[in-house]
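Number of protein chains: 2
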Amino acid sequence: MSAHFYTLSLFVTLLFVSCKQEKQISPVTQEEIAQSNIDIDHLPSWNDTEAKKNIIAFVEEVTDRNSVNYVEVQDRIATFDNDGTLWTEQPAYFQLLFALDRIKTMAADHPEWKNKQPFKAVLEDDMKTIMASGHKGLAELVMVSHTGITTEEFEKIVQDWIKTSKHPTKNVPYDQLVYQPMLELLEYLRANNFKTFIVSGGGVEFMRAIVQEVYKIPSEQIIGSSIKTEFDYNEGNPVIRRLPEIDFIDDKEGKPVGINKYIGKKPIFSAGNSDGDLQMLQWSASNSKKNFELYIHHTDEVREWAYDKGSPIGGLEKGLEEASKNGWTVVDMKNDWKVIYPFELK
Amino acid sequence: MSAHFYTLSLFVTLLFVSCKQEKQISPVTQEEIAQSNIDIDHLPSWNDTEAKKNIIAFVEEVTDRNSVNYVEVQDRIATFDNDGTLWTEQPAYFQLLFALDRIKTMAADHPEWKNKQPFKAVLEDDMKTIMASGHKGLAELVMVSHTGITTEEFEKIVQDWIKTSKHPTKNVPYDQLVYQPMLELLEYLRANNFKTFIVSGGGVEFMRAIVQEVYKIPSEQIIGSSIKTEFDYNEGNPVIRRLPEIDFIDDKEGKPVGINKYIGKKPIFSAGNSDGDLQMLQWSASNSKKNFELYIHHTDEVREWAYDKGSPIGGLEKGLEEASKNGWTVVDMKNDWKVIYPFELK
Numbered sequence: 001m002s003a004h005f006y007t008l009s010l011f012v013t014l015l016f017v018s019c020k021q022e023k024q025i026s027p028v029t030q031e032e033i034a035q036s037n038i039d040i041d042h043l044p045s046w047n048d049t050e051a052k053k054n055i056i057a058f059v060e061e062v063t064d065r066n067s068v069n070y071v072e073v074q075d076r077i078a079t080f081d082n083d084g085t086l087w088t089e090q091p092a093y094f095q096l097l098f099a100l101d102r103i104k105t106m107a108a109d110h111p112e113w114k115n116k117q118p119f120k121a122v123l124e125d126d127m128k129t130i131m132a133s134g135h136k137g138l139a140e141l142v143m144v145s146h147t148g149i150t151t152e153e154f155e156k157i158v159q160d161w162i163k164t165s166k167h168p169t170k171n172v173p174y175d176q177l178v179y180q181p182m183l184e185l186l187e188y189l190r191a192n193n194f195k196t197f198i199v200s201g202g203g204v205e206f207m208r209a210i211v212q213e214v215y216k217i218p219s220e221q222i223i224g225s226s227i228k229t230e231f232d233y234n235e236g237n238p239v240i241r242r243l244p245e246i247d248f249i250d251d252k253e254g255k256p257v258g259i260n261k262y263i264g265k266k267p268i269f270s271a272g273n274s275d276g277d278l279q280m281l282q283w284s285a286s287n288s289k290k291n292f293e294l295y296i297h298h299t300d301e302v303r304e305w306a307y308d309k310g311s312p313i314g315g316l317e318k319g320l321e322e323a324s325k326n327g328w329t330v331v332d333m334k335n336d337w338k339v340i341y342p343f344e345l346k
Numbered sequence: 347m348s349a350h351f352y353t354l355s356l357f358v359t360l361l362f363v364s365c366k367q368e369k370q371i372s373p374v375t376q377e378e379i380a381q382s383n384i385d386i387d388h389l390p391s392w393n394d395t396e397a398k399k400n401i402i403a404f405v406e407e408v409t410d411r412n413s414v415n416y417v418e419v420q421d422r423i424a425t426f427d428n429d430g431t432l433w434t435e436q437p438a439y440f441q442l443l444f445a446l447d448r449i450k451t452m453a454a455d456h457p458e459w460k461n462k463q464p465f466k467a468v469l470e471d472d473m474k475t476i477m478a479s480g481h482k483g484l485a486e487l488v489m490v491s492h493t494g495i496t497t498e499e500f501e502k503i504v505q506d507w508i509k510t511s512k513h514p515t516k517n518v519p520y521d522q523l524v525y526q527p528m529l530e531l532l533e534y535l536r537a538n539n540f541k542t543f544i545v546s547g548g549g550v551e552f553m554r555a556i557v558q559e560v561y562k563i564p565s566e567q568i569i570g571s572s573i574k575t576e577f578d579y580n581e582g583n584p585v586i587r588r589l590p591e592i593d594f595i596d597d598k599e600g601k602p603v604g605i606n607k608y609i610g611k612k613p614i615f616s617a618g619n620s621d622g623d624l625q626m627l628q629w630s631a632s633n634s635k636k637n638f639e640l641y642i643h644h645t646d647e648v649r650e651w652a653y654d655k656g657s658p659i660g661g662l663e664k665g666l667e668e669a670s671k672n673g674w675t676v677v678d679m680k681n682d683w684k685v686i687y688p689f690e691l692k
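If you're matching them up, the sequences are chains A and B in order. Oh and the first sequence: position 261 is 261 in my numbering, straight run, nothing missing. Take any residue in the second sequence, count from 1 to its spot, add 346: that is its number in my numbering.
When the alpha-carbon atoms are kept at most 25 Å apart in a straight line, the in silico SDA-like pairs for lysine to any residue are as follows:
(1) A:LYS252 - A:GLY310
(2) A:LYS163 - A:ASP125
(3) A:LYS265 - B:ASN583
(4) B:LYS636 - A:GLU235
(5) A:LYS114 - A:THR147
(6) B:LYS509 - A:GLU72
(7) A:LYS290 - B:PRO584
(8) A:LYS265 - B:ILE508
(9) B:LYS541 - A:GLU155
(10) A:LYS265 - B:GLN505
(11) A:LYS289 - B:GLU498
(12) B:LYS598 - B:LYS671
(13) A:LYS104 - A:ASP160
(14) A:LYS265 - B:GLY582
(15) A:LYS290 - B:GLY582
(16) A:LYS289 - B:GLU501
(17) A:LYS325 - A:ALA285
(18) B:LYS516 - B:LEU691
(19) B:LYS635 - A:ASN237
(20) B:LYS671 - A:ASN237
(21) A:LYS228 - B:ASN633
(22) A:LYS309 - A:GLY327
(23) A:LYS53 - A:ILE40
(24) B:LYS541 - B:LYS635
(25) A:LYS228 - B:LYS611
(26) B:LYS671 - A:GLU235
(27) A:LYS195 - A:PHE58
(28) B:LYS598 - A:GLY236
(29) B:LYS509 - A:ASP75
(30) A:LYS228 - A:ILE149
(31) A:LYS195 - B:LYS611
(32) B:LYS598 - A:ASP247
(33) B:LYS509 - B:GLU470
(34) B:LYS598 - B:GLN558
(35) A:LYS156 - B:LYS611
(36) A:LYS265 - B:GLU591
(37) A:LYS334 - A:ALA306
(38) B:LYS664 - A:GLU235
(39) B:LYS636 - B:VAL419
Hint data in this document are derived by calculation from the structure and do not stem from the laboratory.
With the hints as extra help, turn the sequences into a complete structure.
This is how it looks when you write it as structure tokens:
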């Protein structure tokens, strides 16, 4: 359940394509590299620009036992936003595209939806009307598509969807639209004994069903928005049921709150791409230990998308101002990254 | 904020003793042992009774690649209750003793408490009146003593308390009242690549301030009850403030809900000591993978306490019935454990 869902405009054609999910290209195992003494490039998909230099300088400093800024292993906490930071979020959050697909699938059991908004609009691919339904309409679509089932059922539905769906414009499975340079960054940090977490406005159970294998991040290190659930003993076959009620919104001020709730430590590294990530970056920036804040700036209208200020998805304005003021590192996707997606390596 | 707080009777003398906290005896590093080929006892403080044999048989089976019940490392999730399972919970939950101590400390700034219940009763060590104040009174004591400050301030207060307080009858610092056999069990599981979690009705930030070092469990693997918090940018010095409102009660049906929320995987091993842990054990028992459920039965009125059915703290009745019905392992503390506390090893 993402707060994002309530503030976005859509321009989407939904495709149902029955195809096998391809395994993404496994990024180079940075751990092995780091453990050898070979002077090798840990971030091969990054150009040799300032962003890359800053990251490497930080990691080398906090892992150097002789540095005054050395950080003990248990405090090497790194938190990453997901949508727009680790994978693409255009032309709409993938979770919303899932919700719309799911409504269409469910429509067979709901003949009344043909004449009931906002469902009618979904079935007719009428995005204008969907958006006109506002927060209330979008919330109804999300609740209907995400709740009323058990956690196991939901996981299977999401996993089936990711295996059979393709991105509307890139025409590849959604989980191939992760950023190769960020996969390398995750591996590089882990090779230096950082613990990597996702801290996203996206629904935690939606993400857990998809991204564990993609990012090599276990479910217990994925933090997101959540709905309320309840335990049902179910006559000896216990299940957890998903209820149509918001539990926690892991966005904006919710991000440091979520970090405190789930992790209980302040990160020394955090990365985001929108003003919704600003409070998370402020939180890590307030760490008394040496810390690093990273903003991904979407500047590549050819290979990905270009947007920032005023974008209904991933809007970034205050964050850029604060990055500039505080000397945070800003990635210029167009100029700092050699490739965007793993499949470009082929 | 524990639901426990609302269902207990107290018989407590509170002592303030200014003494340095002693480091607990570090349990043998089971990891080193497991990695060698020496045939050594992994659970030296356990007698060679059925409980110990069952535990070892389970661990050897799920870690044996040739077994049909082999479990992959990422699924080796073990969840432990805290109060009464990893440390003593008598004559009252340590967190409640902390709350009462804290009220006394705060009283200097609250002269009105001398004439206002339930505070008056706390200041006069009048346990009968405290208990008579019921859920409402106890909740007020907990809220006043646990909220209205930042998370950093709360952590420091708890850490100062644990360093300067002693258990009312055992007369040692509270964090020495952990169970040596359970420390060994935690180490043994971790040496076999289990990830160990605490899943307790106790307040998560109270536990995190104390037990990380004691149990060698990092804060992000400690799950508990929580109060609501809010992020405050605080003019560039961000803090998280603790609000006087319950967020989540991690007890009974809340335990599997908390496990799903924080971990996102079903455990294959869970341990508890009261009916408040029953749903957690039911949850792990419903795992399609080979699993193990453990109940600690408090049977040692000499070295620790003896209680089960009808006890206002750690009541255990249904759990024993279900353990018997399902073949779960029940530890008889008196007969299965050579020592209770680490200091008995001296």
